[in-house]
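Here are the chains, one letter per residue:
Number of protein chains: 2
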Amino acid sequence: MAQAQRITPRAQDFSEWYNDVIMQAELADYSPVRGCMVIRPLGYRIWELMQRALDDMFAATGHRNAYFPVFIPMSFLAKEAEHVEGFAKEVALVTHTRLKATGKTGAGAVAVDPSSALDEPLVVRPTSETIIYAMFAKWIQSYRDLPLLLNQWCNVVRWELRTRLFLRTTEFLWQEGHTAHATEGEAEAEARLILGIYRNFAEEWMAMPVLTGVKTDSEKFAGALRTYAMEALMQDNKGLQAGTTHNLGQNFAKAFEVKYQTAAGALEHVWNTSWGVSTRLVGGLIMTHSDDNGLIAPPKLAPVQAVIVPIWKTDQERSQVSGVGDQVKAALSKAGIRVELDLRDNLKPGAKYFEWEAKGVPLRLEIGPRDVAAGQVVAARRTGGKSPMRLEGIVAAAPAALQEIQAGLFATAKQRREEHSLRGATKQQFLEFMKGSGGFAYAGFCGGGECEAAIKAATGATIRVLPDPEFRSPEAPKTCLWCDEPSVAEAVWAQAY
Amino acid sequence: MAQAQRITPRAQDFSEWYNDVIMQAELADYSPVRGCMVIRPLGYRIWELMQRALDDMFAATGHRNAYFPVFIPMSFLAKEAEHVEGFAKEVALVTHTRLKATGKTGAGAVAVDPSSALDEPLVVRPTSETIIYAMFAKWIQSYRDLPLLLNQWCNVVRWELRTRLFLRTTEFLWQEGHTAHATEGEAEAEARLILGIYRNFAEEWMAMPVLTGVKTDSEKFAGALRTYAMEALMQDNKGLQAGTTHNLGQNFAKAFEVKYQTAAGALEHVWNTSWGVSTRLVGGLIMTHSDDNGLIAPPKLAPVQAVIVPIWKTDQERSQVSGVGDQVKAALSKAGIRVELDLRDNLKPGAKYFEWEAKGVPLRLEIGPRDVAAGQVVAARRTGGKSPMRLEGIVAAAPAALQEIQAGLFATAKQRREEHSLRGATKQQFLEFMKGSGGFAYAGFCGGGECEAAIKAATGATIRVLPDPEFRSPEAPKTCLWCDEPSVAEAVWAQAY
Chain A
29 MAQAQRITPR AQDFSEWYND VIMQAELADY SPVRGCMVIR PLGYRIWELM
79 QRALDDMFAA TGHRNAYFPV FIPMSFLAKE AEHVEGFAKE VALVTHTRLK
129 ATGKTGAGAV AVDPSSALDE PLVVRPTSET IIYAMFAKWI QSYRDLPLLL
179 NQWCNVVRWE LRTRLFLRTT EFLWQEGHTA HATEGEAEAE ARLILGIYRN
229 FAEEWMAMPV LTGVKTDSEK FAGALRTYAM EALMQDNKGL QAGTTHNLGQ
279 NFAKAFEVKY QTAAGALEHV WNTSWGVSTR LVGGLIMTHS DDNGLIAPPK
329 LAPVQAVIVP IWKTDQERSQ VSGVGDQVKA ALSKAGIRVE LDLRDNLKPG
379 AKYFEWEAKG VPLRLEIGPR DVAAGQVVAA RRTGGKSPMR LEGIVAAAPA
429 ALQEIQAGLF ATAKQRREEH SLRGATKQQF LEFMKGSGGF AYAGFCGGGE
479 CEAAIKAATG ATIRVLPDPE FRSPEAPKTC LWCDEPSVAE AVWAQAY
Chain B
29 MAQAQRITPR AQDFSEWYND VIMQAELADY SPVRGCMVIR PLGYRIWELM
79 QRALDDMFAA TGHRNAYFPV FIPMSFLAKE AEHVEGFAKE VALVTHTRLK
129 ATGKTGAGAV AVDPSSALDE PLVVRPTSET IIYAMFAKWI QSYRDLPLLL
179 NQWCNVVRWE LRTRLFLRTT EFLWQEGHTA HATEGEAEAE ARLILGIYRN
229 FAEEWMAMPV LTGVKTDSEK FAGALRTYAM EALMQDNKGL QAGTTHNLGQ
279 NFAKAFEVKY QTAAGALEHV WNTSWGVSTR LVGGLIMTHS DDNGLIAPPK
329 LAPVQAVIVP IWKTDQERSQ VSGVGDQVKA ALSKAGIRVE LDLRDNLKPG
379 AKYFEWEAKG VPLRLEIGPR DVAAGQVVAA RRTGGKSPMR LEGIVAAAPA
429 ALQEIQAGLF ATAKQRREEH SLRGATKQQF LEFMKGSGGF AYAGFCGGGE
479 CEAAIKAATG ATIRVLPDPE FRSPEAPKTC LWCDEPSVAE AVWAQAY
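Listed in order, the protein sequences are those of chains A and B. Read in order, the letters of the first sequence are residues 29 to 525 in the working numbering. Read in order, the letters of the second sequence are residues 29 to 525 in the working numbering.
Please keep in mind that the hints were generated in silico from the structure rather than gathered at the bench. Careful, some of the hints might be misleading.
Which copy? The list can't say, so a pair holds if one copy fits it or any two copies do.
With a Cα cut of at most 20 Å, we get these calculated EDC-like pairs of lysine to aspartate or glutamate [claimed, not checked]:
#	residue 1	residue 2
1	K414	E432
2	K117	E148
3	K463	D399
4	K282	E113
5	K328	E231
6	K380	D173
7	K266	E110
8	K266	E446
9	K328	E232
10	K132	E212
11	K287	D84
12	K328	E385
13	K132	E110
14	K484	D512
15	K328	D343
Work out the full structure, taking the sequences as your base and the hints as a guide.
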């Protein structure tokens, strides 16, 4: 396919670097449709591996998958006032259902048939609260029907003006969980449970450390009572909102009349939650770990975890090293490792190394004739370092190396985050921090939207979360970073994607 | 949830029966959006099991998953003349991207903002040949890039006037494979390979016997050179097109300039195929096997393969039978069986039987106190028959029973199909057959579209396929069923969904 090209170094232009990594690794591509991306096989495989891991966690906690229509009647969106206001400026609207011939040929051969106008326009779902809770109203009658714990994997559309591969696209793929509960407490526990699952997934699978906490009103989901989020710090020291869970209270239940009969016979509105992560996570994975040679995929989510590259000069050597390569592949494959054997004749080993590095394969096993003679391979880690690995015992050594790489990626990312976290800063230090390298700044917050707005105007930084207890500074800040009034909560600020 | 209701018997009204089975089993529901369905957890789980099985087969034959935009520029659709003609009357068109406030509150609070009109309307994909081959043109340069074998799982929209749950809905879920090859022969082999995979899946997993063959021009895909299909016979003796593969020739390659350089250095257009199966298969599964008590799920695709129903009167008995139930569940689960233990206190065993029968569970294991004493359970098959099963050895006996049920469903369906197949009929016999019970009629065909049209007008029957050799009658028909001119091929006719 496309010829290998140099990747712009991170230090030169982080944004260009990010795009280069994606294009060079063939993770995704721009499409002819404004703001929509094409997810290529390697990128899609990462998403599938993410889906599998998350789906297992959702199932283990009693959630079941379903599928709701991609179209939402315009009037449904309007029923929850904050919700429609939040999405009104970024919806794709279906208004007609037929094309008619224009008499021309080729690209201009058809036009919208005006006689096919819909009575009520349909919105391509930007999120599915309204259509799903309309169905919940039909399905839920009694307390015995609760909790109702559903999830769907689907595409959603938000008409974005400034798009970026994986991070912000007009169409993206995601999961959206939607649940109904008998009490406020149960809904709150659900929103918290899922936040924990998200964090566990981010840290254990993506090797991406996150902060969790609650959003301020200015950043919460349109229609929610409270929004929780997990936030990660990218290599350019910008924050990435990586997943959110919402306690929706009874807002949608009231708009869509979702009621249930209690054991005592009373009729009450249910309490809802919704929560989602999206293909944006693939962008987070890239920006957390990759380097100037391309993608670095954490082993647990790497489409190819190990690649075997045999090295030969003569046909006889080729036969010998590829024979050993076959055996290693079979053995590692049997051990559950996603492994490839690169026997291409039209590329030299160096070119293969270059390509597999760009594609983020964590472990490369080189086999030359002398390695065969010595009963070993040379194991090169994508994160650096090369050492012999005995053929005998390779089915234990290779997984162990992958585990070390996974753990190392998490440790490195966490250390980097902490090195770019500022605690207890004065206003002046904060301004310098945000003007300089940036990162997560922990500071006191008076709770006022004016201070949030002023800080955003001055620095571009927003409150990512009011952090959960385990992330808070040992000593609670006493005053607001900006106005010096008493602090009501510690906040974490960052410039963000 | 909804109270159990009687299912309309098949003999009384097949169409009502079909809807009742779906509603009673909670497989799907009608949505507030015209023509769109909601797939509920049980129905979606069947689809997920189908996906898993098919996806493994696609991967084993070298196909990789990707994802392309849901929106297709109107001009793209227009580039292949037959293609746009085929879809022009059934497209959802996105024309605007913002809502504006009307000043009202509630459902009428917003309207389409006319200032947000798109320069070029977007079509919600009815199928993705055009957008995918536009990307292929970018990715394919040399013979080394071929074959390119991609697949995507996604939603598609075709604006249908008469919809039916699973069988024909405005939005449906499917997979669409898209491949590019260096030669016509390779594209033809690919279309045939996938047809074989589809048939294997239908017969081995769905227990649904199918005929395969080629479509006549009047039934082929808009833009294809040749369309292959697999066709099944439902219990009402109507045909169901269950999957199609298309040899697209160079039609789209020419429209989208998809060219490659041969090893010799020449520049040639690629040869494409596309192929798909959809959530329609769930409808086929239902109409092949189910009965007047509800769904019958073939074990390989049953979300719940075995349900354990303990029977008790006293608390002591409950403790005893549920203890054994737990052990059986753990043992079967470990053996890879999808098993549920129904310990609900608010339902009597009879009500549980009724519910699990409606939901199609192939094997029910009843455990009463006397069964525990005798070291057995009573195994009731959804397809009929009840017999004791020893607790000792149940991890072998239960899977064996499921295999027998799977094989029995296929045999029954095949026998039924053959009983409703008519071979070598005269015109008169054919007319009576189509007026009567209907089914698959094998007859000679002159190859003329006039005869096809006349037969359709007279009987409603269409040519489902010109069958592959293994399905043809021992003696080739000599004359056309309708016009008595020489037959060019045997055809299989049926009234169809």
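Hints, verified against the model:
Taking the shortest alpha-carbon separations for K414 and E432, only the intra-copy value of 14 Å comes in at or below 20 Å, while the best inter-copy value is 54 Å. In this assembly of identical chains, the alpha carbons of K117 and E148 lie at most 20 Å apart whether taken from the same copy (18 Å) or from different copies (19 Å). In the homo-oligomer, the alpha carbons of K463 and D399 never lie at most 20 Å apart, since the shortest distance is 52 Å inside one protomer and 76 Å across protomers. Taking the shortest Cα distances, K282 and E113 sit within 20 Å of each other inside one copy (17 Å), while across copies they are farther apart (46 Å).
In the homo-oligomer, the alpha carbons of K328 and E231 lie at most 20 Å apart inside one protomer (11 Å), although the nearest pairing across protomers, at 35 Å, exceeds that limit. Within a single copy, K380 and D173 get their C-alpha atoms only as close as 56 Å, which misses the 20 Å cut-off; across copies the closest is 16 Å, which meets it. For a Cα distance limit of 20 Å, the shortest separation of K266 from E110 qualifies neither inside one copy, at 28 Å, nor across copies, at 50 Å. For the homomeric pair K266 and E446, the shortest alpha-carbon distance inside one copy (13 Å) is at most 20 Å, but the shortest distance between copies (67 Å) is not.
For the identical chains of this complex, K328 and E232 are intra-copy neighbours only, at 8 Å inside a copy versus 33 Å across copies, given an alpha-carbon limit of 20 Å. When the C-alpha separation of K132 and E212 is checked against a cutoff of 20 Å, the pair qualifies neither within a copy, at 60 Å, nor between copies, at 31 Å. In this assembly of identical chains, K287 and D84 lie within 20 Å of each other by CA distance neither inside one copy nor across copies; the values are 30 Å within and 42 Å between. Taking the closest pair of Cα atoms, K328 and E385 come within 20 Å of each other only inside a single copy of the chain (17 Å); across copies the shortest separation is 41 Å, beyond that limit.
In this assembly of identical chains, the alpha carbons of K132 and E110 lie at most 20 Å apart only when taken from different copies (14 Å versus 46 Å within one copy). For a Cα distance limit of 20 Å, the shortest separation of K484 from D512 inside one copy, 17 Å, qualifies, whereas the shortest one across copies, 83 Å, does not. In the homo-oligomer, the alpha carbons of K328 and D343 never lie at most 20 Å apart, since the shortest distance is 36 Å inside one protomer and 47 Å across protomers.
Checked against the numbered hints listed earlier, the structure breaks hints 3, 7, 10, 11, 15; every other hint is satisfied.
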